[in-house]
Structures are given as structure tokens and as C-alpha cells.
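Visitor: Let the sequences and hints guide you as you build the complete structure.
Those protein sequences? They're chains A and B, same order as listed.
Start counting the first sequence at 10; every next residue gets the next number (this note's numbering).
Start counting the second sequence at 62; every next residue gets the next number (this note's numbering).
Simulated from the structure, these hints should not be mistaken for laboratory data.
Being a predicted model, the structure only gives us computed values, none of them experimental.
Cβ coordinates follow ideal geometry from the N, Cα and C atoms, glycine included.
Within a straight-line C-alpha distance of at most 25 Å, the following computed BS3-like cross-link-like pairs (lysine-lysine) qualify:
#1 A:LYS66 <-> B:LYS66
#2 B:LYS118 <-> B:LYS129
#3 B:LYS66 <-> B:LYS132
#4 B:LYS66 <-> B:LYS129
#5 B:LYS103 <-> A:LYS22
#6 B:LYS118 <-> B:LYS76
To list a few chain B residues with every Cβ distance to chain A over 12 Å, as calculated:
#7 PRO69
#8 GLU87
#9 THR89
#10 LYS129
#11 MET139
#12 ASP145
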Amino acid sequence: KAGVTQTPRYLIKTRGQQVTLSCSPISGHRSVSWYQQTPGQGLQFLFEYFSETQRNKGNFPGRFSGRQFSNSRSEMNVSTLELGDSALYLCASSWGGARETQYFGPGTRLLVL
Amino acid sequence: QQQVKQSPQSLIVQKGGISIINCAYENTAFDYFPWYQQFPGKGPALLIAIRPDVSEKKEGRFTISFNKSAKQFSLHIMDSQPGDSATYFCAVSGGTSYGKLTFGQGTILTVHP
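Guide: Shown next, in the form of C-alpha cells:
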């Protein structure tokens, strides 16, 4: 079974631009969670989608948004990029229950100049 | 407020030794405690997880010890190997907090041959 895939793997943007990242979950998984990983803050939860609905949200500004499609693929968007948004963005998929294993993709490395 | 405190930040052990990483949490509502392993350039991968109804869980060389009253849990890696060199994260989740893992800051483990 194919794992979680994320595209693109690397991105370079400049301040003020916006960016869209994509995540394809493991086949059959209906939950997709997004995390930001930085050396200073570690792994922080952004939001989670299940059956096209956002069920949970972390403490990030409204510039960070996401959506999920009917095939469970998910996208996250960051508008008006700031230097501090440089990070590894990870998505993880699971069946959707509260205490299930989350399977992570390799991440998208975003550099904001 | 840091909900999960992980220690040590880094750990160096000799091949064949025991590696021990500790985590402490605040919220008694947490009821799912996984450990993730992350290699450079990869997303985190589940290593082992425990629920609070047991005090210990062993899978191969990896053991989780859980102390509910102290709100602490730890990862023990027996017979540590150079291939175990990676970053380890503890995480917590609970209740109806769907899709959200709260991670510790991570421990960089180096196993010398």
C-alpha cells in the first residue's frame, strides 16, 4: 500500500507571497492532519480534516488554512508569507478515530526569503 | 504552556547500551501516548504506543513504561544499535481531540559503534 505523499517536496517563496501544499493520504484513510516542524518550536499541530470537514484546529493565525476533497486528498494554504513560516510542513493520515496511528508523509520543506 | 516535557534533548550511548528517554505531561485527559522516530529527511514514524490501562508495553527492543499517577512515560531502547540513531518524539492525545498529537521537543539519539 502506498504511503502518504506530499508535493512539492521543496519550495522557495518570498515574503508576501502565498503557497499551497498538497497531501495524498494512504488509500482508505479519511483523516488528514497537518503539522509544522521547526527547530525552535518543534512539531506543532495546524489542523485536521475528516470527510471534508475541519474537526480540529491548532493555534495558528488565519493565514494558515486548509481543505479536504472528496477523495480525502488535502491541501493547506499559507497566505502573506512571513520569514517565520520557513519550516517543514508534514501531513499525516489515519482512519479517523481519536487514538489511531498517524502515518506521516516526508514533508514539504518551505523556505521564505 | 508546554503540555509535554521531554528529556534529555540529546543522548549518546554506546552500541549495546540502553537508551532511556522520558516525557511528562500535564493534562490527565490524555489517554494515548505514542513514540515516534524520525530520520533526517523523513517524516516521523510510529515506533510504539501505549494507553493508560497498562503500565508497560514491549515490542522487540523497544519498551514504553507508563506511570499514570506521576503523569510520566518513558521509552527504553535495549541493545541500542547505530541504526537507532535518530530523533525521538513522545506525543500525547486524548478524548475527542481528533487528529491532534501534541509532541515533546524531541531527543537526538546517537549510538556509537
